[in-house]
Amino acid sequence: MKKLIELKVNGEEYEIAADVNRTLLEVLREELGFTGSKEACDLGACGACTVLMDGRPVLSCLTLAIEAQGKDILTIEGLAKEGELHPLQKSFVDHGAIQCGFCTPGMIMTGKALLDRNLSPTEDEIREAISGNLCRCTGYVKIIEAVKVTAEQQT
Amino acid sequence: MRLPSFYYLSPKSISEACSMLKEYNKNAKVIAGGTDLLVSMKQRVKTPNYLIGLKGISDLNYIRQNGKDVKIGILTLISDLEQSNVIKEHFPVLADAVKCLGSPHLRGMGTIGGNICLDTRCCYYNQSKFFRKSVGLCLKFGGDVCHVLKKGKKCFAISQADTVPALIALDAKVKIQSTDKEKVIPVKDLYYDDGKDYMKLKNDELITEVQIPAPASNSGGSYMKLRIRKSIDFALSAAAVTLSLKDGLCEEARVVLGSVGSAPIRVVKAEEAMKGKKLTNDVIEEAANFAYKDAKPVANIVDVPPSYRKEMARVMTKRAVKEALSRVK
Amino acid sequence: MTKYSVVGKSLPRTDDPLRATGRALFASDYSIPGMLFGKILRSHYPHAKILNIDSEKAERLSGVKKIITGKDTIGVKYGFVGLFPQTFDEFALAIDKVRYIGDEVAAVAATSEDIAEEALDLIEVEYEELPAVFDPIEAMKPGAPKIHDHAQNNISFMLEREFGNVDKAFREADYVREDEFVTQPVDHVPLELHAALANYDDSGKLTLWSTTQSPYYLHKQLELTLGLKESQIRVIKPYLGGGFGDRVDMSSYDFCAALLSIKTGKPVKIMGTREEEFSFSRRRHPMRVYLKSGAKRDGTISVSHFRIISDTGAYNSTGVLAINIPLAPVTTTYNIPNLKYEGFQVYSNNQVSGAMRGHSVPQVHFAIDSQLDLIAEELGIDPVEIRLKNARKERETTVLGTKIASCGLTRCLNRSREIMDWGNKWGNLKEGKGMGIGTMSFASGASFNFFGSTSSFSAATVRLLDDGTATLLTGASDIGQGSDGTLAQIAAEELGVHLNDIRVVSADTELTPVDYGSYSSRVTMFAGNAVKNAAADAKNQLLEVVAKKLEANIDDLEARDRKIYVKGTPEKGMSFTDAILATQTVNKGMPVIGKGFYDPPPFNFVTSEGDISPAFSFGSYFAEVEVDRETGIIEVKCITAAHDCGKAINPIRVEGQLEGSVQMGLGYALSEHSVTVKGMVLNPSFLDYKFPTALDMPKVTSVIVEEYDPAGPFGAKESGEGTTIPVAPAIVNAIYNATGLRMKELPVTPDKILKAMKGKKSKRRC
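If you read the protein sequences in the order shown, they are chains V, W and C. Here the first sequence is numbered in our numbering, starting from 18 and rising by one per residue. Here the second sequence is numbered in our numbering, starting from 545 and rising by one per residue. Here the third sequence is numbered in our numbering, starting from 2 and rising by one per residue.
Rather than coming from a laboratory, the hints here were simulated on the basis of the structure. Computed from a predicted model, the values in this text were never measured in an experiment. Heads up, none of these hints are tricks.
Derived contacts from chain V toward chain C, CB cut-off under 7 Å, selection only:
id	residue
1	Ala-62
2	Arg-153
3	Thr-155
4	Gly-156
5	Val-158
No residue lacks a Cβ here, since even glycine has one placed at the ideal position from N, Cα and C.
So here's chain V without its partners, still in its complex pose (with noise of 0.2 Å):
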């Protein structure tokens, strides 16, 4: 049964019809062609297809898109201003936090929330707020510094 959703994505409201049994995920990506945000497991177990919900990091695989109305929805594509990028997605370029980027979407964004509340994280703190989203490639460890380093720079 469709039903007519509004969403406000990256500041810009759409309205759609979809189905209610449609995820967050599923709308962003093939309704609306936010493909940034990624499917890796579709359980809410790998954080890949993690946006921001008026400022807070969620699973947009385990949310019903008919819930996230009325919500401030930040993708990956909303980050860049006028073509500048993040500075946290800066910083995942240039210190070798990305390898295949895959899970580079789901990690900058889910980075991104815990900058926005602790302006400089300790190491151990950016492991557990990234401890929800896997990646196979880096080892973490470049993406640690990445977060890292952005915050330092941001103080």
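Once you've looked at the hints, dock chains W and C against the given chain V.
Same frame as chain V, now just chains W and C:
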């Protein structure tokens, strides 16, 4: 993996939600954080016709201090409990439990209510349609065979919710509302020792609040969770302990095991073994030994022998007692 | 001024910002208007005859456009190593019978994913269940269920080799011991799921966007199984979210999407699920490694006898290679003068095994490094010393006749020993703490031409543009390891331009020259040389013209920093852009295009003699662990990973390989295990398959040891696959040091530690 189709209902009040539950009976499921239910639905373990979304009901998300008692709204996020100073300060056993639950993302989405109602789990149950078609339906799924204990007639799926042993150790209660009445019962009375029908909630009943009594003075608590990974992992064996001291002797104690049975197991003998005594290593060992005896895990966690989980009930209990003791204040 | 201006620098790939902004498109991100969605029907039985498939009900479901079964295919079997035709044993869709749970039986194309899924339930397959066998040892016994008609005792491939005089060496050895080691099946788990989007158009051309590591092999396998001509197929590998060997082989998603698109005339997209990934895609070969070795009193290993039994599962896939490849490391890491090697690749009704990072070497090196410690202890020798004593040295030739030009094993051992403070810590650690070593060597690309192609192993072209930049065309596949960046750095260095001047077009069989793909850690060596040669060819075309203009000897010219000049006088040179324009003018407008290729030295597959690879990487990892004696939980505190990768073209990416390898090796050692019961995988999810999170990682110290190798581009060797090999043995040896428990079976889970403690009053070493 798509979700199966369903009708989405959005009640504006608890009583409306209870009426919906009553009307749609077993065809409806309540959704709070969705971190457990939606996974089961994607795997077609659950296929409710109606989802009753609680997010539209106001005032279910709170941590309120009433004197030293605490009341927690049922939609309170696990991460809010994790950050709550009240919880950290007065209920360390619960603080431990919420800290090691799932992953940061899951804690930021999942609610205390969801964890209390977490379905029992089994490596033959939490699987896909393909898996079930290949190996056959198990007891919990309505089939006639237990893949874990071939001749078993009872389902041994495990209670793996982290907060529940902690809440029981705190003598917490829940407020339950139904279409016609409201009641308050101890958390420990919520569960049957049965993997299939694990919860005593009636069809139209909704838990709306968790109530934790003030801790006794000179008390401490701890929750110890054994897991393979430090994140995204359920417990293989867990123990929640609260205790209080008087004149250097153990006055009260609660020992509750998680993940080694279909319901949390309160080990009364372990509690008795400590009460009135100085908690020396020998006394703690003795108490832990009762935990070992009461733990009854079966082979339903992949690659982990039940004998190991049983042994770990002892170790987790011992460690939790020691940690609780060190926290007494 | 340093020798190189681009090579040796830790530069990001020029398209890394796309990965950071979510704009990089992976195969699953592609869609074409009007495309259909496919799903694959798989067998629920581990072994069964297909009696009948009735898809009528499914076809009647509204939205279903096509259902294909084995009958719709041309019925040709495929495999991976064409040199051994009997190992072409797999139908793209089952015809006669199914051989594992998950074997592909049919596929559906429908207007939506939901409808395709629903249609699967409506296809009725009538099976006759056959007895099945899940243990390779059982499978080899007489009377075991026969899985393939051609394979006696279910042996899919066998290799028996003897070099030197093994019997004599054992007779003369002062000390002989035999051990058996067992390794578990594990999964690659790239983050991206399989995806394939096929578009068969009205001109009879099939375009396939695929999560493949080898567009070339996939192209060849599609030709074979679809009966199409080379020119009718175009395979494109878009951004790829990891591979680790899982995707060197054609997948059912590729084949089914292609055939469904051909049959419907519409684009068809098929995406895998994580469950399919865990349960039905390739996995690492579980192996039993029997190892008997003889040593002199001083610790010199004089002879080794390996007997390897490997479970290939239902089909051979890369099984031939899995049995051949260990021949290299068992003779290259250490100088073993006498070797007996018996390898059996055995069929079972399990999930199919395939190439995975290190391709059977992690299994075998776990045995080598574990046994080396056992021998060292018996003979009273320090584990580092026994390794130094036997370590391969540069400019040696192995018993196989493989020439080792460069070898940094000794340097690696010495560096990690120093960093870990081995001298002071070894033997003095607290109870429950321990240190251990693992080592490795690995081929920088295997010298196997599986298909007997006449094309070279790798080719590239470099086209120079009027604005002074270059377009590099290479068939090599960046699967996340960063080869596009590495190859661009090689091209930039050779041309004398900046990294940003190179645009890479890669892994598109329509546009890019042949390269066999990303496997066997071959890309830097093979594609790197091809690219270097192509760039040199383009550059030389410029140099000829510039030499005339500058009235200089061509040999005196140097290209660097976007200029071409006589060495020592850059100010008098010509800009790279002007050189291109001048060359085109002289050549009457002909564009400057450089071509290059690379072929490795020959290796005799029949006798296993010769250079199995042009060069070898070496490494030693030292691990420090702490074992909780009550819970058996092992915490790896730190790992020092020293790796000789030759010249590091991009050091930060080499570090990335080392760090990523530590994670994968850590999981292999302690927690990862694809657990099956009667062929059914029990833990096909991220929740139940325990691959390490950020909180589980030890501190990693990466040490890059650069032993220049003459075969490599700018002296580079492999870094990617070999790096994961030493992790598990280092950890397991450290566990022994901490507890006195010798664990011979992976993964070392906490319950095994406790069981071993009970079984034996543990003695603590040193």
